[in-house]
Amino acid sequence: MFKALMVRKDEETGKTSAAVEEIGLEDLPQAEVTVSVEYSTVNYKDGLCIGPGGGLVRKYPHVPGIDFAGTVEASDDDRYKPGDKVVLTGWRVGEAHYGGYSQKARVKADWLVPLPEGLDTRQAMAVGTAGFTAMLAVMALEDHGIKPGPVLVTGAAGGVGSVATAILANLGHKVAAVTGRPEQAAYLESLGATQIVAREEINETVKRPLESETWGGCVDAVGGAMLARVLGQMEYGASVAAVGLAGGANLPATVIPFLLRGVNLLGIDSVMQPYDNRVRAWQRIAKDLPMDKLDAMVTPATLADLPQLGADILKGQVKGRVVVDVAAG
Numbered sequence: 001m002f003k004a005l006m007v008r009k010d011e012e013t014g015k016t017s018a019a020v021e022e023i024g025l026e027d028l029p030q031a032e033v034t035v036s037v038e039y040s041t042v043n044y045k046d047g048l049c050i051g052p053g054g055g056l057v058r059k060y061p062h063v064p065g066i067d068f069a070g071t072v073e074a075s076d077d078d079r080y081k082p083g084d085k086v087v088l089t090g091w092r093v094g095e096a097h098y099g100g101y102s103q104k105a106r107v108k109a110d111w112l113v114p115l116p117e118g119l120d121t122r123q124a125m126a127v128g129t130a131g132f133t134a135m136l137a138v139m140a141l142e143d144h145g146i147k148p149g150p151v152l153v154t155g156a157a158g159g160v161g162s163v164a165t166a167i168l169a170n171l172g173h174k175v176a177a178v179t180g181r182p183e184q185a186a187y188l189e190s191l192g193a194t195q196i197v198a199r200e201e202i203n204e205t206v207k208r209p210l211e212s213e214t215w216g217g218c219v220d221a222v223g224g225a226m227l228a229r230v231l232g233q234m235e236y237g238a239s240v241a242a243v244g245l246a247g248g249a250n251l252p253a254t255v256i257p258f259l260l261r262g263v264n265l266l267g268i269d270s271v272m273q274p275y276d277n278r279v280r281a282w283q284r285i286a287k288d289l290p291m292d293k294l295d296a297m298v299t300p301a302t303l304a305d306l307p308q309l310g311a312d313i314l315k316g317q318v319k320g321r322v323v324v325d326v327a328a329g
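For the sequence shown, position 327 matches number 327 in the UniProt record's numbering, and the numbering has no gaps at all.
Just so you know, the hints here were simulated from the structure itself, not pulled from any lab data.
Being a predicted model, the structure only gives us computed values, none of them experimental.
It cannot be assumed that every hint is accurate.
With a straight-line Cα cutoff of 20 Å, these simulated EDC-like cross-link-like pairs (lysine to aspartate or glutamate) come out [to be verified]:
| id | residue 1 | residue 2 |
| --- | --- | --- |
| 1 | K3 | D325 |
| 2 | K293 | E189 |
| 3 | K108 | D27 |
| 4 | K108 | E189 |
| 5 | K59 | D120 |
Ranges of calculated distance between the beta carbons of each label pair, as one might list FRET restraints [as the list claims (entries may be wrong)]:
| id | residue 1 | residue 2 | range |
| --- | --- | --- | --- |
| 6 | P148 | D76 | 50 to 56 Å |
| 7 | E142 | F258 | 36 to 42 Å |
| 8 | Y60 | R208 | 46 to 52 Å |
| 9 | Q308 | A249 | 23 to 29 Å |
| 10 | G180 | D77 | 44 to 50 Å |
| 11 | Y60 | K108 | 17 to 23 Å |
| 12 | Q317 | E142 | 22 to 28 Å |
We put the CB at the ideal spot given by N, CA and C, even for glycine.
Take the sequences, apply the hints, and build the full model.
As structure tokens, this is what we get:
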């Protein structure tokens with residue numbers, strides 16, 4: 001038997017509840033590789049799945065946790081053998097498939113990536129889905145050419161924003177960090193941000209479809225009105241990597257920035273990302289994310305802390321990265 005955070009749903013009331021329970025291997029779904037989970041994280045999707053589900057959870061009872069890192073315990077696939085260190089992000093694990101908030105997980109071999117050299121399992125989950133997404137966004141900006149101006153990062157104090165800020169600064173870019181929490185300015189500057197932009201300065205649309213060319217690139221974790229506003233502030237030919245929708249799914253924008261300034265809007269998906277690009281991103285993380293900055297982002301947690309953390313992240317009250325010591329229970 002081992003511990004897992006189990007979410008159950010009352011069929012009469014429709015309400016869900018989450019608690020740490022003891023389960024067995026027979027409770028896990030069938031798949032090729034069994035992993036002894038060491039660490040996981042807390043993401044916005046996790047908050048939804050720990051709570052009411054947000055339409056992501058298909059059936060109950062359910063084990064959330066959209067990412068994890070650990071050691072292979074058993075494998076029916078030749079690509080992995082017992083003792084191998086692995087990372088999993090995406091593939092709807094923790095949503096449609098039992099996830100990482102369990103001391104053991106059974107998943108498809110295709111969903112795993114070998115832990116890159118230079119990272120241990122705790123560091124991998126300090127990066128987690130949020131950091132992996134941030135690296136994909138930075139790579140997309142690089143592939144399209146980052147322009148000379150500062151690179152804007154919206155939602156900069158969150159998981160994706162924190163890692164994006166640290167990576168971009170480490171690569172030598174000037175980073176302008178957007179936050180609605182003024183008390184986070186020192187934290188963002190410690191990650192390498194050279195400019196702090198108050199959220200209220202940039203979170204409303206304006207009648208003019210184009211403003212002064214200000215940003216050489218952007219990692220946007222907010223969407224909505226803020227993304228619409230940012231599009232009109234990009235330098236000619238610059239790109240915005242869209243990674244989130246904390247500010248809403250609607251985009252009240254015009255096509256003018258695309259037509260008159262050649263702005264690129266790049267969609268970043270981390271869930272179904274092809275294997276080769278996953279490996280490329282993790283190798284870049286090991287190389288380009290300064291580990292001292294990563295440590296500064298981390299808040300430790302255990303399985304028992306997850307119900308409260310799930311509620312907190314939905315309220316925007318979680319800073320940086322939460323690393324869940326799953327093995328400790």
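Hints versus structure:
For the given pair, K3 sits about 12 Å from D325 by alpha-carbon distance, which is consistent with the 20 Å threshold. With a CA separation close to 11 Å, the supplied pair K293 and E189 stays within the 20 Å bound. At most 20 Å may separate the alpha-carbon atoms for a hinted pair to count; K108 and D27 meet this at roughly 16 Å. At most 20 Å may separate the alpha-carbon atoms for a hinted pair to count; K108 and E189 exceed this at roughly 40 Å.
The straight-line distance between the Cα atoms of K59 and D120 is roughly 33 Å, outside the 20 Å bound, and the hint therefore fails. Separation of P148 from D76 is about 52 Å and conforms to the stated range, judged on CB atoms against 50 to 56 Å. Between E142 and F258 the CB atoms are about 20 Å apart, so this pair departs from the stated range of 36 to 42 Å. Distance hint for Y60 and R208: a CB-CB separation of about 49 Å, consistent with the stated range 46 to 52 Å.
Taken as a hint, the range 23 to 29 Å holds for the pair Q308 and A249, whose Cβ atoms sit roughly 27 Å apart. Between G180 and D77 the beta carbons are some 45 Å apart, a value that agrees with the proposed interval 44 to 50 Å. Between Y60 and K108 the beta carbons are some 22 Å apart, a value that agrees with the proposed interval 17 to 23 Å. Separation of Q317 from E142 is about 32 Å and departs from the stated range, judged on CB atoms against 22 to 28 Å.
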